[in-house]
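2 protein chains.
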Amino acid sequence: MNDINGDRLLADLRALSDIGGLPNGGIDRLAWSEADLKGRRWFARRIREAGLEAREDSALNVFGRLPEASGPFILTGSHLDSVPNGRRLDGAYGAVAALEVLRTLVEARDPLAERVEIVGFSDEEGVRFSIGLLGSLALCGELPLERLRDARDLDGVRSDEVLVQAGTSLDRLAEAGAHLASLAAFLELHIEQGPRMEAASMDLAVVTGIVGVHRQQFRVIGTQNHAGTTPFALRHDAGRAAARAIAGVEELVQSIDAEAVANVGIVRFYPGGVNVIPGEASFSLEVRHWDERVVRRIVDAFSRRLEETCREEGCNASAELLSWVPPARMDEATMRNLEMACQELGQTAGRLWSGAGHDAAVLSRHVPTGMLFVPSAGGVSHAPAEATDDQHLVLGARALLRAVRVSASRIK
Amino acid sequence: MNDINGDRLLADLRALSDIGGLPNGGIDRLAWSEADLKGRRWFARRIREAGLEAREDSALNVFGRLPEASGPFILTGSHLDSVPNGRRLDGAYGAVAALEVLRTLVEARDPLAERVEIVGFSDEEGVRFSIGLLGSLALCGELPLERLRDARDLDGVRSDEVLVQAGTSLDRLAEAGAHLASLAAFLELHIEQGPRMEAASMDLAVVTGIVGVHRQQFRVIGTQNHAGTTPFALRHDAGRAAARAIAGVEELVQSIDAEAVANVGIVRFYPGGVNVIPGEASFSLEVRHWDERVVRRIVDAFSRRLEETCREEGCNASAELLSWVPPARMDEATMRNLEMACQELGQTAGRLWSGAGHDAAVLSRHVPTGMLFVPSAGGVSHAPAEATDDQHLVLGARALLRAVRVSASRIK
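In the order they appear, the protein sequences are chains Z and X.
Going by our numbering, the first sequence opens with residue 15, and the numbers climb by one from there.
Going by our numbering, the second sequence opens with residue 15, and the numbers climb by one from there.
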């Protein structure tokens with residue numbers, strides 16, 4: 015039986031990592047940037063070099079399949095964009111491994127190759143417009159068009175301008191959704207991006223579900239005043255109220271659910287003078303858990319706590335919902351299929367929920383979807399120190415090949 | 015006897031408040047900004063319109079005096095710059111009142127007018143480069159040139175670039191110090207910027223001393239990581255460590271001295287992504303008290319507390335001293351002179367220490383210096399709601415006129 019060409023897989027990963035490569039070893043292929051588009055062109059070229067047909071949809075997702083194939087397809091792949099100062103595996107690994115899987119099937123003249131399509135998704139990371147998953151949302155007809163229309167990137171450039179410069183447009187984006195009807199299932203291979211597999215000595219893990227991600231922006235209003243002349247007792251210090259709330263996030267979350275996580279990644283005090291009591295403070299809060307009810311309880315509890323703190327400090331708080339991606343359950347039959355593929359390789363896969371969002375979360379709402387993880391060294395991701403050893407990268411692709419074969423054989 | 019022209023004083027204050035005026039009624043004349051420079055040109059024009067000679071030194075302090083006068087002088091005035099989103103009286107009141115005092119002496123053909131000089135100082139607030147009092151420090155030959163050379167403003171513009179654009183330069187700044195030898199005393203009229211006069215029904219207060227102001231910038235280093243995949247137990251969250259330290263500032267300060275105050279006015283988390291655990295956090299801490307030993311105890315206790323917190327969070331902290339203005343005692347004879355000036359008006363002045371820093375703190379290290387306060391409505395300052403009623407504004411200027419006369423008559 016033909017198997018994955020490990021050297022070719024690793025060489026392709028290295029070749030792609032040269033595109034958007036930074037002097038510190040990191041990668042910057044911010045969605046729809048010049049480097050990202052160059053990465054997409056590289057992926058399409060490698061697809062064609064394998065004798066496959068490459069196609070780019072209106073969201074700039076890049077697809078590959080046999081020229082004569084007509085579906086329905088098992089879709090497999092991941093995203094090609096990266097966070098700024100990220101590394102070469104997040105997303106790229108699943109897309110390049112998918113290409114290697116289909117190449118292997120084609121070389122083996124496996125008739126199942128006709129039932130397989132591969133994909134490199136657009137803007138999964140969401141750094142450009144603070145939305146994310148836009149490639150898979152476009153494919154699944156779930157685009158948040160209103161929000162995207164109003165969005166500007168970090169440099170203040172309007173989303174439509176970015177899209178037009180990349181070769182598409184806001185108005186065309188929804189066309190990508192026509193293809194969904196041709197898909198029978200989705201399989202995504204990805205690095206874990208966390209420390210749990212390494213801690214448990216797992217080589218492969220089947221993902222049971224993907225956490226829901228709830229993002230809010232809070233605004234605390236107090237009274238701006240002179241920091242030298244206003245006694246503590248007469249202050250309404252928005253900065254102090256915010257700091258108290260932020261300082262208590264971990265304890266609050268852990269008291270509700272030990273597996274939930276939350277993050278305050280952005281904070282600003284206004285007007286921002288060393289000698290001015292902050293009249294306003296703003297901060298973001300992100301909450302993640304695989305059970306929607308737990309997310310809700312944490313969000314509610316934090317709001318109550320913040321209100322209480324604001325009452326004590328003579329301030330007022332308001333919240334704005336930035337985004338809510340509900341938790342996604344992976345398909346049970348597909349999970350078993352993935353586990354059996356691992357067993358074929360003599361591996362016992364663990365089961366894990368994913369703390370990171372993935373294109374698979376979007377696809378899972380439309381077709382049976384499964385995900386497979388390989389370990390991340392030190393659990394590091396979204397940073398230049400992200401790494402997975404070569405053996406695990408090849409092992410993951412070999413398991414994906416087997417799972418794709420079984421899934422393809424089951425298409426009616 | 016000629017007296018202050020209250021209407022003219024109030025009209026001048028209104029005219030100056032049009033420069034850098036904001037739609038919300040606030041004022042933004044950030045040091046050396048276009049609005050600040052416009053305010054200085056306005057002040058120089060009003061000086062010349064009074065038949066006086068206007069002079070700008072290398073620090074862009076604006077002086078006014080009779081053309082034929084040669085000193086030594088009683089200097090009186092305050093600063094012309096404002097905090098962003100401040101209001102029209104902080105600083106401007108003392109400068110405009112000084113102009114009205116000298117105008118009144120000139121109109122009365124009082125020979126003492128020759129012994130009086132007025133000033134509108136530069137960058138007292140210190141918002142631009144987090145240093146402050148730069149105009150009076152330049153006049154007194156105390157410029158922190160090293161620190162200023164390295165400073166950048168909130169937009170990242172280098173201090174020298176700002177100065178050159180404003181019409182001077184770092185290299186020229188020290189020239190301002192030549193004038194100090196011509197000064198015999200300094201009198202500064204200012205709004206209280208705090209709630210104590212109103213609470214005690216004081217119409218005028220003589221300042222006994224000015225708090226020492228200690229400013230530091232703290233930097234907490236943790237580990238940047240993925241907020242969805244990194245369990246709380248494995249995080250080194252620089253944002254959380256900073257928030258915990260900031261949340262405890264009030265309790266820590268109050269446990270050491272009930273009259274001390276402190277403020278955290280600036281906070282930033284890096285890299286500043288909603289889904290990225292902060293790998294770094296920075297914040298400012300300002301501590302004020304009229305006893306240097308109390309300031310030292312608070313600063314030391316906070317550093318120990320922050321280190322402890324960082325140890326618990328797996329982070330590291332470092333501190334940079336931004337500035338240290340020691341407490342200043344006002345001159346006893348000048349204080350009595352100010353009290354007698356108030357008595358001439360049928361007023362019994364209170365005595366207060368000042369929680370706000372003032373140019374008078376710098377001048378007091380070189381010449382006999384005194385300060386007079388009028389009340390601030392609600393104790394509000396550094397905010398658009400800052401206010402003092404017209405009667406108090408005129409009363410303060412009348413007391414200043416009398417004190418200037420007595421001080422000038424005593425010059426040997």
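Please note: incorrect hints may appear among the correct ones.
Just so you know, same-sequence chains aren't split out, so a pair can sit in one copy or run between any two.
In silico SDA-like pairs for lysine to any residue, Cα to Cα no more than 25 Å straight-line [unchecked claim]:
1) K52 to R186
2) K52 to G286
3) K426 to N19
4) K52 to P285
5) K426 to E67
6) K52 to S144
7) K426 to H406
8) K426 to I145
9) K52 to E67
10) K426 to E160
11) K426 to A49
12) K426 to P398
13) K426 to G39
To be clear, the hints were calculated from the coordinates, so they are not data collected in a lab.
Everything numeric in this text was worked out from a predicted model, so none of it was measured.
Is it within a copy, between copies, both, or neither that the alpha carbon of K426 lies no farther than 25 Å from that of G39? Classified as neither; 45 Å inside a copy, 72 Å across copies.
At most 25 Å between alpha carbons: which applies to K52 and G286, within, between, both or neither? Answer is between; shortest inter-copy Cα gap is 24 Å, intra-copy 36 Å.
Intra- versus inter-subunit Cα pairing at 25 Å for K426 with N19: neither (29 Å within a copy, 97 Å between copies)
At most 25 Å between C-alpha atoms: does K426 with I145 qualify within a copy, between copies, both, or neither? neither (35 Å within a copy, 74 Å between copies)
Tell me, please, which holds for K52 and E67 at an alpha-carbon limit of 25 Å: within, between, both or neither? Within one copy, since 18 Å is at most 25 Å while 66 Å is not.
With 25 Å as the alpha-carbon cut-off, assign the pair K426 and H406 to within, between, both or neither. neither (32 Å within a copy, 89 Å between copies)
Indicate which option fits the pair K52, P285 if close means a Cα-Cα distance not exceeding 25 Å: within, between, both or neither. between (37 Å within a copy, 23 Å between copies)
Identical-chain pair category, K426 with E160, by Cα at 25 Å: neither (37 Å within a copy, 77 Å between copies)
Same-copy or cross-copy closeness of K426 to A49 [CA-CA at most 25 Å]: neither (40 Å within a copy, 74 Å between copies)
K52 and R186: within-copy, between-copy, both or neither at 25 Å Cα: Classified as within: same-chain Cα gap 21 Å, cross-chain 51 Å, threshold 25 Å.
Evaluate K52 and S144 at a C-alpha cut-off of 25 Å and name the case that applies: within, between, both or neither. The answer is within: 22 Å in one copy meets 25 Å, while 40 Å across copies does not.
Within, between, both or neither, where K426 and E67 count as close if Cα-Cα is 25 Å or less: Cα proximity of K426 and E67: one copy only (23 Å, versus 96 Å across).
In terms of the numbered hints stated before, the structure departs from hints 3, 7, 8, 10, 11, 12, 13, listed from lowest to highest.
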